[in-house]
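S.K.: Generate coordinates for the entire structure from the input sequences, incorporating the hints supplied.
Here the protein sequences line up with chains R and S, keeping their order.
Under the numbering used here, read the first sequence as residues 265 to 924, first letter to last.
Under the numbering used here, read the second sequence as residues 416 to 580, first letter to last.
Any given hint could turn out to be false.
Not the full set, but computed from the structure, chain S residues with beta-carbon under 8 Å of chain R [unchecked claim]: (1) Glu496; (2) Gly506; (3) Leu510; (4) Thr519; (5) Ala534; (6) Arg544.
Now the stretches of chain R that chain S is said to cover, found in silico as 3 or more residues with beta-carbon under 8 Å [unchecked claim]: (7) 328 to 341; (8) 624 to 631; (9) 647 to 658.
Simulated from the structure, these hints should not be mistaken for laboratory data.
Just so you know, even glycine gets a beta-carbon here, dropped at the ideal spot from N, CA and C.
Letter by letter, the chains look like this.
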Amino acid sequence: MIAESGHYALVLALGLALIQSVVPPLGAHWREPALMNVARASALAQLVFVAASFAALVTLHVTSDFSVANVFENSHSLKPLIYKITGVWGNHEGSMLLWVSILALFGALVAAFGNNLPLSLRTHVLAVQAFTAAVFYLFILTTSNPFLRIANPPIEGRDLNPVLQDIGLAIHPPMLYLGYVGFSISFSFAVAALIEGRIDAAWARWVRPWTLMAWIFLTLGIAMGSYWAYYELGWGGWWFWDPVENASLMPWLAGTALLHSALVMEKRDALKVWTILLSILTFSLSLLGTFLVRSGVLTSVHAFATDPSRGVFILLILCLFIGGSLTLFAVRASALKQGGLFAPISREGALVLNNLFLTTACATVFIGTLYPLALEVLTGGKISVGPPFFNLTFAPLFVPLMVAVPFGPMLAWKRGDLLGAAQRLLAAGVVALVAIAIVWAWQRRGSALAPLAIGLAIFVIAGALSDLVERTGLLRMPFAIAARRGRGLPRSAWGTAFAHAGIGVALIGIVCETTWNSEYIATMTPEDTARVAGYDLQLLGLTQAQGPNYREQVATFMVRRDGERLAVMTPSKRNFTTRGMSTTEAALLTRGASQLYISLGDTTSDGGITVRIYHKPLVLLIWFGPVLMAFGGLLSLSDRRLRVGAPKPAKALGGLQAAE
Amino acid sequence: MRRLFAAAYVSAALLLSPAFAVQPDEVMADPAKEARARELSRELRCMVCQNQSIDDSEAPLARDLRLLVRERIAAGDSDKEVIDFLVARYGEFVLLKPRLERQTLLLWAVPPLVLIAGAMALWMQARRRATSAHAQPPLTAEETARLAQLVTGTAAADNRASKTL
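M.R.: Below is the structure:
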């Protein structure tokens with residue numbers, strides 16, 4: 265009964281979405297506010313029905329109703345409650361349902377909080393949003409229905425893939441989807457602007473908070489996924505340039521570019537056409553990511569060919585949206601008037617440079633991810649494109665970008681003074697040089713590039729700080745005045761500084777982890793001691809334990825440094841009986857921002873066990889950086905100009921627009 | 416025959432439990448050679464895995480390849496010779512960083528081309544704008560009149576506003 269209700273609610277949501285994508289634009293065409301306002305009510309109702317459908321699936325998972333195929337294949341009655349809930353989106357059908365739930369949520373948010381939007385713009389935005397939703401409801405209902413029943417219900421389920429039974433992966437997909445799907449709002453705004461043939465600075469001001477919100481979630485989602493891979497997959501890697509990761513990185517790169525270009529558009533009414541194009545591209549890349557992950561094309565082109573129903577459907581969606589929106593763009597973009605002028609050396613110029621490098625980086629990831637697929641389909645040739653390729657092509661693009669980062673906020677709008685900016689960054693440059701010298705003198709092993717990279721990271725951080733110092737006048741004025749000026753500074757200025765510093769912090773972590781990481785691989789028997797990076801790790805013993813739905817072998821290590829006891833670490837290996845699969849649960853000991861990392865391998869016949877012990881210096885900075893960036897985004901989101909008054913267009917204009 | 420048994424035993428052991436990449440018994444005695452082997456392993460793909468290098472992979476095939484790499488290094492091969500040997504045996508697919516060839520030309524060319532094309536487009540646009548900004552035609556008589564009217568209109572409105580204050 266619950267399954268059928270959930271299914272029915274989804275069908276109703278589809279009906280509402282179809283109404284919402286057809287009736288309101290007709291209303292806009294006939295200038296009939298009553299019809300246009302249908303969008304608002306139906307967007308809210310859609311959320312209610314999709315949420316009901318999602319709640320139904322959660323209920324089925326929590327109550328372990330194995331007569332539903334989706335629950336049978338991904339759950340087990342002994343699974344802990346939290347993983348029964350998160351297991352809902354740990355599979356294809358459930359994750360697609362989460363996808364549309366978030367899409368409906370964003371649509372409802374625009375409907376609920378979009379009161380200050382011109383009526384016709386809101387109507388078109390909601391219609392585009394509903395059209396996207398309708399297509400995906402149709403996809404779920406025809407190819408990926410999570411509510412299908414099994415004729416003869418089994419007694420027990422097959423359990424969720426044990427690698428996914430982890431708190432990190434419980435939170436990662438919703439965050440990532442909030443990011444992916446959040447970009448649908450900027451897409452809908454862009455398409456609505458193209459349909460209306462009108463776009464102005466106010467448009468950018470409406471779009472920016474949504475883009476910023478999506479970007480914050482995507483940043484956190486990617487960082488969380490990376491940390492999950494680091495501790496769960498058991499070999500201490502944190503970024504693999506895997507196509508699935510690339511699929512999330514591409515919208516992030518395009519979204520970051522979009523954030524910056526929307527800024528130019530908002531402040532200076534320039535880069536309109538480009539911002540529209542980026543909005544379309546960013547969401548297209550989100551859709552592409554969904555296609556890559558959900559169609560099975562990544563596992564193998566042949567797997568895609570043998571069961572193409574889902575893949576072909578998503579491919580059609582992809583063509584429809586990307587092709588359709590780009591065609592609309594080609595037809596209508598020339599109608600958009602070009603805005604404010606600026607000199608190449610200016611804040612706008614710096615943001616354009618940022619966009620150039622971010623877009624190129626995005627194109628690099630794009631070609632590297634899709635080239636092997638395309639080559640195999642076209643010529644049958646099989647090649648691999650992996651981390652060495654991306655490291656080689658990505659780094660040269662990011663180095664100039666990072667050098668330029670501190671200059672951007674120092675330049676004035678319209679016409680900047682590069683020499684003046686350089687003078688204000690002198691202190692940051694000196695700090696960076698000192699850092700290079702210190703690291704150079706200190707390092708005993710590692711590449712010659714490492715100190716330079718650290719210097720670059722310090723330059724970015726110090727540059728962000730000097731911008732704040734400059735604006736508050738910290739060194740020129742008494743502290744009390746500077747503090748008052750700091751409080752008076754727009755939140756977005758603080759946000760910029762935090763976000764930019766975050767990139768530097770992450771870079772320090774990346775360089776330290778890859779260059780000065782120590783590794784110890786050996787077979788250990790109880791009482792053996794391993795010495796890694798100045799730590800003594802003694803294996804005390806091996807024990808067996810029983811978890812709710814697994815058995816585990818636990819090794820106990822005593823960690824000492826200079827004879828002083830620090831902690832006990834207990835890495836384990838879990839064996840999940842239902843699927844006969846095992847996971848390694850690495851033990852982590854955090855010391856400052858550095859970590860000791862132990863993961864277990866096989867036991868040997870003489871009572872020993874193979875272990876891998878790593879010391880990863882400053883590794884936590886890799887994820888602390890993105891957290892700082894997201895915090896910067898949050899500060900910027902709370903800026904006054906995005907909250908009050910500003911988005912309202914001139915009163916007279918607003919009246920005219922409704923009647924257009 | 417004994418080697419076959421050993422291989423079967425090793426793969427069985429690896430399949431049954433989650434081993435991790437490099438095993439203690441694989442490590443070469445010479446640290447310099449081991450470091451070279453690790454560097455090379457990171458550039459080579461485990462062909463039965465999804466996008467994993469043989470250095471990261473737990474699959475039996477990856478272990479075989481790791482041992483092969485170490486065998487070749489022990490036999491005195493240079494890095495390039497090891498790579499050539501593996502490509503001859505397993506094809507280009509084994510390389511995680513494809514070599515620049517006819518079929519990978521586009522792959523390597525796209526990043527620099529996008530950057531150059533983008534930079535060119537920006538430069539041309541900046542030039543076009545600079546010239547068009549200079550070549551702005553002067554205001555027509557009609558526009559001047561309208562401007563004057565607007566300015567005086569605003570001034571009048573300002574006067575009214577200041578009077579009410």
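S.K.: Are any of the numbered hints broken by this structure? If so, which, sorted upward?
M.R.: Those not satisfied are hints 1, 7.
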